[in-house]
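Q: Kindly generate the complete structure, drawing on both the sequences and the hints.
Quick note, in full-length UniProt numbering, the sequence shown goes up one by one and the last residue is 276.
Quick caveat, the hints were computed from the structure, so don't treat them as lab data.
Since this is a predicted model, take the numbers as computed values, not measurements.
No false leads were slipped in.
Computed Cβ-Cβ distance ranges for the label pairs, DEER-style: (1) Asp45 x Leu10: 29 to 37 angstroms; (2) Pro111 x Glu267: 54 to 62 angstroms; (3) Met174 x Asp43: 30 to 38 angstroms; (4) Asp112 x Ile257: 50 to 58 angstroms.
Restricting the straight-line Cα-Cα distance to at most 20 angstroms, the calculated cross-link-like pairs of lysine to any residue (SDA-like) are: (5) Lys125 x His20; (6) Lys148 x His183; (7) Lys148 x Leu270.
Beta carbons: idealized from backbone N, C-alpha and C, even for Gly.
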Amino acid sequence: NHGPLGPEVLYSGRGAPATHGLGLLEAVDEALIVSRADPEDADGDGISGRVNWVWDPVAKKRALGRFGWKANVVSLYQQVAGAAVADMGITTSVYPTQNCLPAQSACLSAPDGGVPELDDVRLAKLVLYSRSLAVPARRNVNEPIVRKGELLFLDSGCGGCHLPNWETSSEALMPELAGQNIHAYTDLLLHDMGQGLADGRPDFEASGREWRTPPLWGIGLIHRVNFHEFFLHDGRARGLMEAILWHGGEAEFSRDIVRAMPSEDREALLAFLNSL
Numbered sequence: 001n002h003g004p005l006g007p008e009v010l011y012s013g014r015g016a017p018a019t020h021g022l023g024l025l026e027a028v029d030e031a032l033i034v035s036r037a038d039p040e041d042a043d044g045d046g047i048s049g050r051v052n053w054v055w056d057p058v059a060k061k062r063a064l065g066r067f068g069w070k071a072n073v074v075s076l077y078q079q080v081a082g083a084a085v086a087d088m089g090i091t092t093s094v095y096p097t098q099n100c101l102p103a104q105s106a107c108l109s110a111p112d113g114g115v116p117e118l119d120d121v122r123l124a125k126l127v128l129y130s131r132s133l134a135v136p137a138r139r140n141v142n143e144p145i146v147r148k149g150e151l152l153f154l155d156s157g158c159g160g161c162h163l164p165n166w167e168t169s170s171e172a173l174m175p176e177l178a179g180q181n182i183h184a185y186t187d188l189l190l191h192d193m194g195q196g197l198a199d200g201r202p203d204f205e206a207s208g209r210e211w212r213t214p215p216l217w218g219i220g221l222i223h224r225v226n227f228h229e230f231f232l233h234d235g236r237a238r239g240l241m242e243a244i245l246w247h248g249g250e251a252e253f254s255r256d257i258v259r260a261m262p263s264e265d266r267e268a269l270l271a272f273l274n275s276l
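A: Printed below as a string of structure tokens:
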């Protein structure tokens, strides 16, 4: 009962991101992420990763965003609470009201399960579960084609944004996640990915052309887990190679290197990605 959408409404499709390893990404020190940013491309490598500074509804302050397609979520606590209300209509102390617009009278008058519907104890348990989901082990890492593909990945400049290595903070919220060397293949920063992938929808400091580098760990198991191979923020890419070829903007140089590869090199690159 909200009526037709106005011309000022912005919308953009979204696929559900993977949920493994999020606790480890949350455990990376904020200062380390900021140190990897290069918004003015001072080193001249064509890559200008930026931090998305967003509002943290839990701590009630401006903070670094690290989750979501545009890095618009600060913590797993916020992410879980946000998913509860936005995806399932379940309120929490973080988001105590339903996601209803003023004109949606039926939504506003619908019965609820109390305020909040999910208390802080249960919310904390959901966060603990999300924080604890492990990263799947790599496969076939010693096969020659996989090792060749890894070299091609790095030589093509893909590792400039999909950074292979991080170390988690010694002060992580879970001691089990502290001081670990992780291989997430992301810099957790925003990058201009070109007009082809632009959705024209800003999100805090992220422009309509910018996206957070998605982690690649576990990407080789997408088909086994989800029974599909749709990639990118809206699932438009029908496979890893198509996802690569959609890259533009800061990634255009690397994309063109991959495009010019002979078929055997492309197969090696895909073998490496499927080993993650």
